[in-house]
Structures are given as structure tokens and as C-alpha cells.
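Go ahead and model the full structure; you've got the sequences and the hints to work with.
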Amino acid sequence: MKIAQLMVGQMAVFAYLVGCEKTGEAVVIDPGGSEEQIVAEAGKRGLKIVKIVNTHGHPDHTCGNARLKELTGARILAHEGDATAMVSEHAAQFAQMLGCAGTPPPDGLLKDGDMVKAGEEVELKVIHTPGHSPGCVCLYTPGNVFTGDTLFVSGVGRTDLPGGSWPGSRPK
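According to my numbering, the sequence shown is numbered sequentially starting from 1.
No wet-lab data here; the hints were simulated from the structure.
Derived Cβ-Cβ restraints for the label pairs, each shown as a range: (1) Glu121 / Glu89: 38 to 46 Å; (2) Arg45 / Thr84: 33 to 41 Å; (3) Glu70 / His90: 20 to 28 Å.
Glycine included, each C-beta is placed from N, C-alpha and C at the ideal position.
This is how it looks when you write it as C-alpha cells:
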């Protein structure tokens with residue numbers, strides 16, 4: 001499995017390319033902009049982007065969805081808890097402030113325990129981690145966890161944004 005971390009977009013979000021070495025199929029996690037850079041990096045690594053996964057629906061993580069889908073034909077996947085909010089008027093206004101287009105609606109909805117697969121090697125387990133947003137997820141594969149804004153070095157993602165909930169982020 002090939003993994004590449006890319007800093008993208010106005011908010012310097014980390015996007016990830018996770019690709020199968022055998023088939024070349026790849027998933028992009030959180031394309032927050034810089035779509036041409038993401039596609040170029042995939043090409044350099046011999047990868048074809050087939051899926052786009054958003055760890056949550058905030059525009060700093062979804063700004064690249066529309067253009068990346070246009071460039072690659074990849075399907076957009078997001079947790080069902082953020083599916084409506086990510087295409088809302090509020091999200092569109094936030095995206096505009098960042099200088100990017102809003103996202104199209106997801107092509108597929110994720111829930112806790114789902115597996116996102118690409119090729120023969122890429123299997124990302126969806127772990128629902130609400131708090132930063134109702135539909136926040138982490139993506140787990142042995143040896144790696146892609147946390148989006150759920151977890152930072154020395155902290156956790158903000159819970160004071162629309163839809164966020166500090167109590168919602170606590171284990172039940």
C-alpha cells in the first residue's frame with residue numbers, strides 16, 4: 001500500500017493519497033483544495049483516484065471534491081451525519097470565504113464499521129467519531145489512522161462550530 005500526505009488548500013489541510021500497489025487504485029482523504037497537485041501526485045505514483053472520502057463535511061476538507069471528481073470521475077463518500085450539512089447554504093458560504101466551490105452531495109454514505117476499499121490492498125475501516133461535527137469519522141488501516149479534525153497533536157478538534165458537540169465527542 002502506498003500512502004502520501006499532501007498539504008492542500010487555503011487552510012493548509014492534510015489530504016492523503018492511499019493507493020493499492022497491485023492495481024493502482026487509490027482513495028483521496030480530505031481534498032481541501034489543490035486538486036491539480038493531488039492528481040499530479042497520484043500520477044507520479046502510478047495511482048488512479050477512484051474514491052474521495054471526507055472525514056467530515058466542513059468546507060476546508062471538502063473544497064476539492066467537485067473539481068477532483070470532475071478530473072477523475074471518483075465517487076465522493078461521507079458519513080451520513082454530515083451529508084446534509086456539507087451541501088447546506090452555510091457550508092457554501094464558508095466555502096466561498098475560502099475561495100472555493102461548495103461540494104456536490106456525496107455519492108455514497110458511510111456509517112460506523114463500513115469498509116472503504118480500493119484495489120486489493122486498501123481497506124479503510126470507518127470509525128464514527130462525532131464531536132467536531134455530527135458525521136466526523138476516522139479511517140483505520142493496520143499501522144495508520146487518518147483522523148481528519150477529530151484528533152490533533154496535543155489536542156482534539158474544535159467542538160464549537162455549527163453541529164459540533166463536546167459532550168457528543170465523549171465515549172458513551
